[in-house]
Each structure stands twice: as C-alpha cells, then as structure tokens.
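Novice: Here the protein sequences come in this chain order: A and B. Taking my numbering, the leading residue of the first sequence gets 1, the next gets one more, and so forth. Taking my numbering, the leading residue of the second sequence gets 1, the next gets one more, and so forth.
Please note: incorrect hints may appear among the correct ones.
[Claimed, not checked] Taking CB as the label site, the calculated pair distances span:
#: 1; chain 1: A; residue 1: E390; chain 2: B; residue 2: N278; range: 24 to 30 Å
#: 2; chain 1: A; residue 1: A15; chain 2: B; residue 2: Q150; range: 52 to 58 Å
#: 3; chain 1: A; residue 1: S213; chain 2: B; residue 2: S188; range: 53 to 59 Å
#: 4; chain 1: B; residue 1: L74; chain 2: A; residue 2: E313; range: 29 to 35 Å
#: 5; chain 1: A; residue 1: V295; chain 2: B; residue 2: L317; range: 56 to 62 Å
Simulated from the structure, these hints should not be mistaken for laboratory data. Note that CB positions come from ideal geometry on N, CA and C, so glycine has one too.
Each chain, written out:
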Amino acid sequence: MSDKPRKFKGGVHPADSKALSASKPVQTAPLLGKYTVIVHQNIGASPEIVVKKGDVVKKGQLIAKAAGFVSVPLHAPTSGTVTAIEKCPGPACVSVPAIEITADGQDDWGLPFEPITDWQNTDPAVLKQRVLDAGIVGMGGAGFPSHVKLSPTKPVDTLILNGAECEPYLTADHRLMLEQTEDVLLGAAILARILGLKTAVIGVEENKPDAISKLNGVAGKYNVTVQELRVNYPQGAEKQLIYALTGREVPIGGLPMDVGCVVQNVASAVAVVEAVIKGQPSIERITTVTGEPLVNPGNWRFRIGTPVSKALELAGGVKYQPAKLLLGGPMMGFAQNSLDVTVMKNTSGILLIPAGQVSQYTSEPCIRCGRCVECCPMDILPATISQAVENERFDWAEQLNVTACIECGSCSYSCPSHRPLNQHFKRAKAEILAAKRKQQKK
Amino acid sequence: MSETETTVVQLPDATQLVVSNSPHIRGGETISKIMVQVMIALLPAAIAAVWFFGLAALQVMALCTFGCMAVEVLWKKAAGQPTDSWKDGSAALTGLLLAMNLSAGAPWWICILGSLLAIGLGKQLFGGLGYNPFNPALVARVALLVGFPQLMTSWVAPQPGKWLACDALTGATPLAALKNHCSPASISDLFYGNVGGCLGETSALALLIGGAFLLSRKIIKWQVPASFIGTVALITGLAHHFNPELTPPALYHVLAGGLMIGAFFMATDMVTSPMTANGALIFGCGCGIITSVIRIWGGYPEGVSFSILFMNALTPLIDRYTIGKPFGYIRIKKEAAQ
C-alpha cells in the first residue's frame, strides 16, 4: 500500500471533539451490584433465553443461545443470581426483554471454553466456532454477528480491520489501538487464519498518529499492514473503508465479500483474542463516555449490562443539564430518553450533547444548493429523493436508489435548509421494504 | 462516608432529554448565511458602481434592495403566510442583483416596478424561495427591457469619483457601440470598469474579486462560471479569428457587458441551476453558446440575461439527465450480465 492517506468520494468534516477523552487511558469500571443485560443486541435474530429467574450463574456462563445462523449467544457479565427477566428501556426508546443479574460480588469465572493458545496450528473451523460461541458482534456500532462475516460464500482475498473511528467524540477504538496494540494485531492474525488468508490491513484515520506509529512498530510481526486514512466522515463506513483501501466498490445491496473483502472492527478483533487465547466470551467492551456537559469524560471498560446512569456517575456526573443523551456517536447514534438503558456489545459511546448544539430547526424549502449531492458518499441525490418522499412517491425514491443510502447523515449535516433528509430516507426504505413484503405475501 | 455524601454526583434529568433522529450535530450552514455571503461578494462591484456612477447608483441599489424586501413582506401578508421570510436574505439579495442589472440613471419607479416583478412574478408566484424556475432578478430585468426598451438601454457615462454629477451625460455601452460600429472601449477600461452600462456590468475586476470569494467559500460551483466564460471566449475567439470584422477578440467579449456578473452571480443561482457538477458544466456551456450567438449574430447587443433564463428553463431536464450512477452501481450491472 502507498504511504499516502486514502479517502473515498464525498463526506463531511464535522468538528471531531475527540480531545475531551482521547488522552484518557481506559479505566476498568468497578463491579456493580446489578447488571441488566439486553437480550437482543445483535443484527439478526434475538437469542433465546436459557436461564430462568432464581438461577445461579457464573461469570461468562451462557444465558441466551443463538437462535439461527445470524444470531449470537449471550453470557453473564458476572457471577450471581438471575433476579428478573423482564422488559427494560432499550436503545430505540422502547422497552425490550432483558435479563437482570444480581452480582454475588465474587465475580467467579465459570470459563465455558478451553483457552486455545496454539491457535496457529488449530483448525480454522474450530477458531470460527469459538468466535460464534463467544457471542462476538461488530463492536463499531452495527452489532452484526462476526462469525457470519467469517463464513463468506464467495472467495475472499482481503481482511480489513476497521480502526477509522470517524464518528466525532468517540475515542474507544483509539485508546484500544494504543493500549492493546498487540491484541488488535493478534486478533487480525487469528481472523486472517480463519479466512485462510496470510495478511490483513488495518485502516486508521490520520488524526490518531500515536496509534498509527504504535501499530506500525509491531504490525510486521503479525503480517498486518497499517494504512493511514484521511479524516473524512464516514470513513469508517464499511463500503467507504473498502473503497479507500482497495479501490473496490461494494455493489448496492451487496456485501463486502462480493468484492473479496471482510471487514471487522478493531474491538471485535480484540474480543476474538480474548475468546480464543483466554477462553472468555464477549461480556465487556471499551466505551467512551463523553460530551461537554460531563465533569470528567473518559474511556471505560464496562461489563455488558451496565446502566448508563452508572457510566455517567463514573464520569463525574454533569455540570449542567444536557439536551441529548446518545448511544453511539453524534452522526449515527441513537437518542435516549432514559438513564436506565444499559451498555451493549455495540455501545461505542455514551454521549451527552449540550443544549447549544441542539436547536429546534424548522425545515425550510430546498434551495438546491447541491451540498448534499456533493457530500453523499453513495453518490445519490439526497435533495431530489427527499422531495420524492415528501410527495410520498416511494417508487420514485427507489428509482433514485434510496436503498443505497447508508444513513450516515452527511446530507442532513450539511443542509442549509435543515431538511430532515436522513429521516426521509429511513422512512422511504421502510416503506419500500413494507411494500416488497406485501407483494411477496400475495 | 461523609466525603461520598458531600460530593453528590449530578445526573441528567431524563425527562428533559430530547429524542430525535440522527445526525445530532449540524454543520451550521443556513440559508441566510449563504445569502449574506453572496451579498458580501457583491460589495466590490457595488463600491465600483458608486465610484463610477456616483450616489445615484447607491440610490438604485437601496431602492431595489428595500423594494424587494417590502414586496416579499407584503406578498406574504396578503397570502396569509408568516412574514418573516425576508429575514433569510434572499429577497434582499434579489434586490441587490436587480440593481446590478439597472442603469444608475434608472428612475425610482423602475426600481420599484422591478422589485415587484422580481419578487412577485419571478419568485412568489411560483411558491417562494426554492420553487422559482427562473432567476427572479433576471425575470424583472428582461420584463423591464421588453416593456421599457428606451429607458433600459440608455446608460449613464461613467465619471470616476464625481459623486453627484451623474445625470449629466449619457452614452452607449461598449457592446452597443460595437453593434452600431462605433469605437469600442479599451480593454483596460473594461477591466477596471470605466465604461457605461448597468451597475454590475462595469468593473470586471470587482466582479472577479467577488467571484473568487464565492468560489473560495464553496458557495458557487466553479463549473458554471468556468464553462460559461470559457464557451463565450471560445466561440467569439473563433469568430474573430475567421472574420475579425464580425466581432472583436475574445478578451473583449469576456470583459464587456454582463458576462462577468452573469457567470459568477446570476447563472450560479442555486435554485435555478443544476445541482450536479456535470449538470453545471452543461448549464454553463449552454449559457455561453446562447450568449455568443446573440452577441455576434443576434439583434440585441447583449445576450447574457436571455441565455441564463433559457438555460434556467432547461435546468430540470439537465438535472434529470445528469443523475450519476450511485456508488456500487456499475458492478450490479456487470454481475447481472454474467
């Protein structure tokens, strides 16, 4: 690969606001008395609960098993008793089933798996089964089951590790690459073995020079190439990352494997190392807790099931009332209406947005300035599609390839008329999908 | 124990939290910011106009700007809609652009009538900002040109620095002089603006400064002025090369008349020009061809306004046929073929 930082077409440049937490080393959150593990954390089918109220569980014990291929199992974040299986606030502001575990304070590992230290000579199928058993998902935000990506049905020649972390504010992956550099690279090597590849490439935005130089220092040992990426949102979107690194375009509606690529988040790679080498399932993750209203923003290693209120307490609470609480970054994250929602496997950030940045906008007519067209990383026409949606012409929206939209929000970000473009596209996609389902039923 | 009690951690009040769709941060660009920047870009040309034509130029600009804002408010009031739309700056900008298309000697009622035509006929009749197919200022200019040909084609001769003595002389514009086979103005006069014409037709230098500002702020697409001016230069250059009698050299055409203000400020109007980069190229080329044809072979000395209005009408078509292929589209086709 060349030394020149790579980029994709389009994109926007929001203020990155990463300085709030970028220099804060990862701290391990203290053990809580109670964890509420949301059952459906992954894209695909919700896992089936295999424990009942009153059961005593060990740390790492299976509490819900995968229901189908595109699904992952769930494990207890600590040892203790299952005290409730009921609905709790979910990430989409609706209540979802969750398993409440009251800790016994022992934090006893009931290691469900044998550590595999000699992974280089282990059958790739065994390693892949381990990734599935450990319940690893894409930890960058999407939560797509990792083992599905590792089972391509088409020939794959490139493994890409996603260390772009293009969302403003978030620094969890940055700290991870800095503090667990070798783990990230070892994870890449294990993933490469599963895919039958010898090498991997890791893409990192050039605003993390310390992480890049540290990775470069040891990357050779693991046959991994480190590629600098230009700072440009959404650089970390899978299709944009593949294009920047390989020049290949993932077809609309297609998957990375259609162009011979598999992309895994760096945090997922570290989770793979923990699953394979230590035999530990995915029960914790590094999350950035940040935002201007916080007293002490930083990065923490949380158990899955940690309530957001506890995370905010660790960050010192707030100096003033924020306008929004988000899970994820400011461009694609989800606004929350409860502090009781809990950390999930894909919670890369807990972000508080001050009132100054959240004004109420009245959407004005499109003045056809073309900023959205210029910045759209998928090269569609947001302004025109939005007008189609306003007129309820979803057929027209489909013709204009609204289904290619990756919902990165760059268009809404750049619109001087404050039009709810991203919202329009989400609606159009939902309507198109509903119409298709209706047709299939007939 | 007491320490933990004194340092009470304040948590956000969940009932006060706003829930809305992503993205949760915005770029901070607004319509009024764009309009204000275009007006700033017109400042050099406005100053040049006052320098060459005196305070009468200032009067025309003030009348048109406030006229357009007043018409906007009155129209909205009459239509029973919120009247605060003048605050977005688009009406004021239309007024300023209209003034740039009038002579310093334009009587007050021409300014007011022009404002009425621009905002009423050009903009609000179609539904207001964002919905007008034609550039409002040009609609007014052309309507006035057709309705009052005498008034609209008599120009005040420039008197640099003489602020009050503007109504003394009248003269022809450089392009009109050419049509009538008079001696044309010198290139340097054209560049600095020491020629007769509309307020915005004089100083190419001032317009270039404004245009450079707009380009640097990414408010206009470079494709429009580049292809517009480029096409005019090419066609008039070729015509001059093969028949020097027919028309003056390309540089003269580029600097004279309304080409500079047209290419940088009128043709680049966002609402009425194509959204895509390729569309902008086609749009600019079309403007250039029509302008050149009118200037060389047409009955009018100047064709910039007509060319832009004509291409405005074609904008929806251009937009439709320049929709690019989305990211990842080519491969679907290829695979489908296999």
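Novice: All the hints need checking, so say for each whether the structure fits it.
Specialist: Checked hints:
no., hint, verdict
1, A:E390 with B:N278: 24 to 30 Å, "holds, 25 Å"
2, A:A15 with B:Q150: 52 to 58 Å, "holds, 56 Å"
3, A:S213 with B:S188: 53 to 59 Å, "holds, 57 Å"
4, B:L74 with A:E313: 29 to 35 Å, "violated, 58 Å"
5, A:V295 with B:L317: 56 to 62 Å, "holds, 58 Å"
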